[in-house]
Structure formats: structure tokens, C-alpha cells
Amino acid sequence: MAARKTSVLLFFFMFLALCSAFPRNKNKYKPCKHLVLFFHDIIYNGKNAANATAAIVAAPQGANLTILAPQFHFGNIAVFDDPITLDNNLHSKPVGRAQGMYIYDTKNTFTSWLGFSFALNSTDYQGSINFIGVDPILIKTRDISVVGGTGDFFMHRGIATINTDAYEGEVYFRLKVDIKFYECW
Amino acid sequence: MAARKTSVLLFFFMFLALCSAFPRNKNKYKPCKHLVLFFHDIIYNGKNAANATAAIVAAPQGANLTILAPQFHFGNIAVFDDPITLDNNLHSKPVGRAQGMYIYDTKNTFTSWLGFSFALNSTDYQGSINFIGVDPILIKTRDISVVGGTGDFFMHRGIATINTDAYEGEVYFRLKVDIKFYECW
Amino acid sequence: MAARKTSVLLFFFMFLALCSAFPRNKNKYKPCKHLVLFFHDIIYNGKNAANATAAIVAAPQGANLTILAPQFHFGNIAVFDDPITLDNNLHSKPVGRAQGMYIYDTKNTFTSWLGFSFALNSTDYQGSINFIGVDPILIKTRDISVVGGTGDFFMHRGIATINTDAYEGEVYFRLKVDIKFYECW
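Chains as they are written, first to last, in the numbering used here: chain S, 463 to 647; chain H, 463 to 647; chain B, 463 to 647.
The hints are simulated quantities; they were obtained by calculation from the structure and are not laboratory data.
Heads up, a few of these hints could be off.
If chains are identical, the list can't say which one is meant, so a pair holds when it fits in one copy or spans any two.
Stated by the list, open to error - Under the rule of at most 30 Å between Cα atoms (straight-line distance), these lysine-lysine pairs were calculated in the DSBU-like manner:
(1) K490 with K555
(2) K509 with K638
(3) K490 with K569
(4) K555 with K569
(5) K509 with K490
(6) K492 with K638
(7) K509 with K495
(8) K509 with K569
(9) K569 with K492
(10) K509 with K492
(11) K509 with K642
(12) K492 with K602
(13) K555 with K638
(14) K555 with K495
(15) K555 with K509
Because the structure is a prediction, the values reported are computed rather than measured.
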């Protein structure tokens with residue numbers, strides 16, 4: 463009887479485990495290092511050359527390089543060099559630069575493909591972190607891959623959860639990046 | 463005598479092992495997860511705006527954005543958002559989207575450099591898979607790297623073997639992607 | 463007394479260890495494979511079509527595709543297919559091709575973001591190596607990530623230290639790439 467009860471309980475807990483919410487693997491592992499940083503992107507729009515930290519450099523046929531393309535900006539590639547800060551204030555002392563590109567890649571909603579790096583240069587961290595991933599912009603939090611690092615992040619891998627913390631029209635946006643390393647070396 | 467025979471056999475098998483064909487490491491390891499998927503790319507050519515899933519957004523000097531560049535399309539960057547299906551039928555229910563870019567990068571043959579992701583959203587799989595690699599298009603099967611993943615593919619790494627399953631002129635092509643994960647978490 | 467001396471020495475060596483220069487982790491690990499290669503980039507400038515191995519294919523508003531953009535080339539994307547050699551001679555027999563792109567991504571100094579692959583095809587090596595990273599060009603040696611590989615570099619990861627070995631104006635440059643793999647399979 464006792465054995466039967468145990469096995470019923472066991473199946474019940476196995477059932478609970480299978481029901482656990484997406485993303486399923488996330489809670490199984492503890493990060494070996496954890497960083498939360500913000501970066502600030504100001505897109506060039508033809509009038510803000512002095513402040514802009516990003517520029518549209520490619521566009522589909524019929525679009526141009528000072529106005530984001532129609533159809534959810536599909537086909538625009540932007541290159542950026544954005545300040546990274548420890549808090550959500552654009553004017554805080556930068557601890558590094560976020561450098562790389564984003565590509566608007568859908569015609570019927572806002573999504574982008576990201577290829578970029580953090581180059582960190584502060585008393586706490588010296589080194590780079592390299593990111594790749596797909597960014598369904600309208601979803602609150604999105605996961606991308608940390609595919610490598612150098613310096614203090616030598617050979618690190620992990621997951622970065624990004625979140626559009628604030629934006630102003632189509633000129634400024636701020637991303638909060640919650641980086642969890644699961645391979646630290 | 464028996465020992466001698468054994469050692470001769472041993473050397474013979476060691477010799478066979480050394481002779482094994484390229485790619486040499488492939489057969490040593492068994493994938494921990496295996497997926498076969500198809501994606502379908504329809505390049506915008508100035509006339510197919512409604513159906514196109516990809517657009518040329520960058521081209522070298524002298525080329526334009528509705529006709530693939532001369533010299534094996536060298537210098538063209540295309541951005542895509544292609545449906546992923548479980549079989550080779552463009553009209554099957556998509557299980558996700560292949561999003562990112564390809565770059566034609568040779569002047570005297572067809573090769574491309576790929577940076578893209580699979581965003582999967584089906585009952586079987588929720589999550590993204592990130593790919594990077596060089597694609598010598600005219601070779602039957604080409605290997606690229608799976609550099610990371612999220613959701614059900616949390617921290618995964620592996621190899622994807624791609625294969626141009628079908629194409630129609632320079633407008634449509636279908637890629638079969640055989641994904642073997644060797645790090646699964 | 464002896465115990466005290468030992469602990470003083472111990473603290474002294476711990477202090478030395480903490481003082482070790484950036485990048486701190488580099489000396490802790492020995493590579494499982496090590497390669498030194500060179501690649502040669504000749505940028506198309508409107509006059510060198512026959513020799514050029516790279517072309518500007520994207521530029522910010524107001525710039526063009528035959529002259530690198532003002533403001534430290536910010537916003538230029540170049541696509542390349544460069545010969546790889548074992549020594550620093552452009553005319554040595556190539557052992558493969560470096561293919562991909564670089565993006566000039568800063569307005570007030572020279573930095574670039576790199577996404578490229580080595581496709582090696584020699585008697586010694588058959589396979590590809592995939593690189594991602596940020597390249598602060600004016601610093602003597604820069605580390606980027608080796609995020610994956612195929613063939614003889616199946617599932618490899620590591621660090622590549624790059625170094626501008628030579629350049630001629632803004633047309634030719636040669637990069638020395640010191641690849642240390644720390645995951646070899």
C-alpha cells in the first residue's frame with residue numbers, strides 16, 4: 463500500500479515537472495556569473511548628427527537612409543556604437559560600448575536580428591562579450607545567445623535576456639540586458 | 463604468436479581509423495538531439511512584393527537592389543524572414559521562421575556567409591537556434607555552426623548540414639537543414 | 463617562524479597572481495590546438511576591380527561605395543573573400559579563404575565589428591572556423607571569439623588574437639590571426 467502511494471506521488475511530481483512553464487530549462491541551472499547592463503541607441507534621422515549613435519546603412523529598394531523603411535522597417539540594417547551604463551540613465555558614466563548591427567527582418571511585425579558585442583572597460587570588467595540572436599521586439603523579454611567572450615569573459619557562454627526599457631518615438635531606445643553566464647572558465 | 467596476431471590486427475584497425483574520410487570527427491560523436499527542417503526563401507525581384515520573403519538591401523557600386531549583382535552576386539546582402547516547415551512543401555503549416563541575412567561573398571563562384579536564427583514556435587519546440595557559417599553553395603551538403611540556442615535549445619551547440627533541396631531560377635530556393643546538437647544541457 | 467615565512471611567501475605569490483596583466487584568464491589555460499595564419503584584404507576603390515578582394519556594400523546617408531565614409535568610416539559594411547596564407551606573403555599559395563564582413567562602427571575612432579569564417583582547404587586542414595567579435599583596430603593585438611567550427615574544427619571553440627601586420631593606405635591590409643582553441647573535441 464505504502465509503495466503504491468509513493469509511486470502515485472512520484473507520478474504526480476513527474477507530471478508537475480513536465481508542466482513547468484516555458485522556457486523549460488531556465489530554472490535547472492544557476493548562472494556562474496551575472497551582469498545587468500543598459501545600452502542607449504539614438505538613430506540618425508537626418509537632423510541629429512551630433513547625438514546619433516546609430517545609422518541606417520542599408521535599406522530595401524525604394525527606401526532611404528534617413529527614414530526607417532515602411533513595412534515594419536523590413537530590410538533596414540543599422541550600425542551602432544552605443545554607450546553602456548550600469549543604470550538606466552543615458553548620462554551616467556559609460557562602462558563600455560555596445561557595437562555591432564541590428565537588422566529589421568519582418569514585413570508584418572517588428573522583429574530584428576542582432577549581431578553585436580559589449581566592449582567593457584571599467585574597473586570591474588575588462589573584456590568583450592559577443593551576442594547573436596533573434597529579437598521579437600514587441601515581446602516584453604527576449605532571450606539571445608552569448609556565444610563567446612574575451613578578457614574577463616574568456617570563453618564564456620550564456621543567455622542574455624533583453625528588454626526595451628524605454629523608447630522615444632523612433633529615435634531613442636534603451637535596452638536592459640540581463641546577462642547570465644552558464645560557462646565561465 | 464596470438465599476441466603478435468592481435469597487435470597486427472590492432473595496427474590494421476588503427477590504420478583504417480586514420481584513413482576514415484573527411485569530415486573526420488563527424489562519426490566519433492552521437493548527437494544528443496536531432497532535427498530536420500526546411501526553409502523557403504523567395505527573393506524580391508521588383509515584381510513579387512506580395513510573396514517575397516527576402517530582399518536585397520546592400521550591393522556593391524554599380525549594382526542595384528532588384529537584380530542580384532553581376533560577378534556571382536558578390537557584395538549583395540539579403541535580409542530574410544522565411545517560413546520553416548517540417549517537410550519540403552512551401553505550403554505546409556510553418557513551425558517557425560528563419561530570420562537573418564546572407565551575404566554573397568565571392569567574385570568567381572557562388573558562396574555566401576550566413577548569420578541567421580530559427581525562431582521555432584510549435585507544439586514540439588519553443589525557442590531559438592542561432593547559426594553562423596560559410597556556405598559554398600555549389601557543394602551538395604555544407605556544414606555550418608550552431609553557436610547557441612534559447613528556450614528548448616538553451617545553451618545548445620552543434621552542427622547544421624544544409625543542402626539546397628530545390629530552386630527556381632534566382633527567385634525561390636528551399637534549404638534542407640539537418641541539425642545535430644552535440645551539447646544539449 | 464617557518465610557518466610564518468611560508469605564509470608571507472604565500473601572500474606574496476597570491477599578490478603577484480592578482481597583479482597579472484589583463485587579459486587575466488589567458489595564462490590559466492593551455493590551448494588544445496594552435497594555428498597562426500595570415501589573410502590579405504584589398505578594398506575596391508573604383509580603380510582596382512581586378513585585384514580587389516573586398517567591396518564596400520553599405521554606407522550611411524551622404525557617403526558612397528567607392529570611398530570609405532568620413533567620420534572614421536562609421537557605417538560602412540565591407541564584404542570580403544580574402545586569401546589565407548601560412549606566411550605574410552600575399553603571393554604565397556593560399557591555404558583557404560577568409561569570407562564574411564566587417565562593419566566600421568565608431569564615429570570618433572577606428573573600430574570594427576567582425577563576422578567572418580575561415581574556409582581552409584589544404585593538406586593539413588579541411589574545414590571551417592567561425593569568428594565573431596569587436597576589433598579596436600588601433601590597438602596592437604585584439605581578441606575575438608572563435609564560436610564554432612566544422613570538419614577538422616568540428617565543434618571547436620577558442621580565442622583568436624588579431625594584429626594588423628601591414629597596411630598600404632586604405633587599400634591593402636594584412637591581418638595575422640593567432641588562433642588558440644581551448645575546446646577541441
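Tested hints:
1. In the homo-oligomer, the alpha carbons of K490 and K555 never lie at most 30 Å apart, since the shortest distance is 36 Å inside one protomer and 32 Å across protomers.
2. When the C-alpha separation of K509 and K638 is checked against a cutoff of 30 Å, the pair qualifies only within one copy, where the shortest distance is 26 Å, while the shortest distance between copies is 40 Å.
3. Proximity of K490 to K569 under the C-alpha cut-off of 30 Å is found in neither arrangement, the shortest distances being 36 Å within a copy and 43 Å between copies.
4. In this homomeric assembly, K555 and K569 come within 30 Å of each other (Cα to Cα) only across copies, at 19 Å, whereas the closest approach inside a single copy is 37 Å.
5. With identical chains, the CA atoms of K509 and K490 are never at most 30 Å apart, being 49 Å at best within one copy and 50 Å at best between copies.
6. Taking CA atoms no more than 30 Å apart as the test, K492 paired with K638 passes inside one copy only; the shortest distance there is 20 Å, against 35 Å between copies.
7. For the identical chains of this complex, K509 and K495 are neighbours neither inside a copy (41 Å) nor across copies (51 Å), given an alpha-carbon limit of 30 Å.
8. In the homo-oligomer, the alpha carbons of K509 and K569 lie at most 30 Å apart both inside one protomer (27 Å) and across protomers (16 Å), since each shortest distance falls under that limit.
9. Taking identical chains as interchangeable, the C-alpha atoms of K569 and K492 are never at most 30 Å apart, the minima being 37 Å within one chain and 39 Å between chains.
10. For the homomeric pair K509 and K492, neither the shortest alpha-carbon distance inside one copy (46 Å) nor that between copies (51 Å) is at most 30 Å.
11. Taking the shortest alpha-carbon separations for K509 and K642, neither the intra-copy value of 38 Å nor the inter-copy value of 45 Å comes in at or below 30 Å.
12. For the identical chains of this complex, K492 and K602 are intra-copy neighbours only, at 22 Å inside a copy versus 37 Å across copies, given an alpha-carbon limit of 30 Å.
13. Proximity of K555 to K638 under the C-alpha cut-off of 30 Å is restricted to the intra-copy arrangement: shortest distance 16 Å within a copy versus 35 Å between copies.
14. Within a single copy, K555 and K495 get their C-alpha atoms as close as 23 Å, which meets the 30 Å cut-off; across copies the closest is 40 Å, which misses it.
15. Within a single copy, K555 and K509 get their C-alpha atoms as close as 25 Å, which meets the 30 Å cut-off; across copies the closest is 45 Å, which misses it.
Checked against the numbered hints given earlier, the structure breaks hints 1, 3, 5, 7, 9, 10 and 11 and satisfies all the rest.
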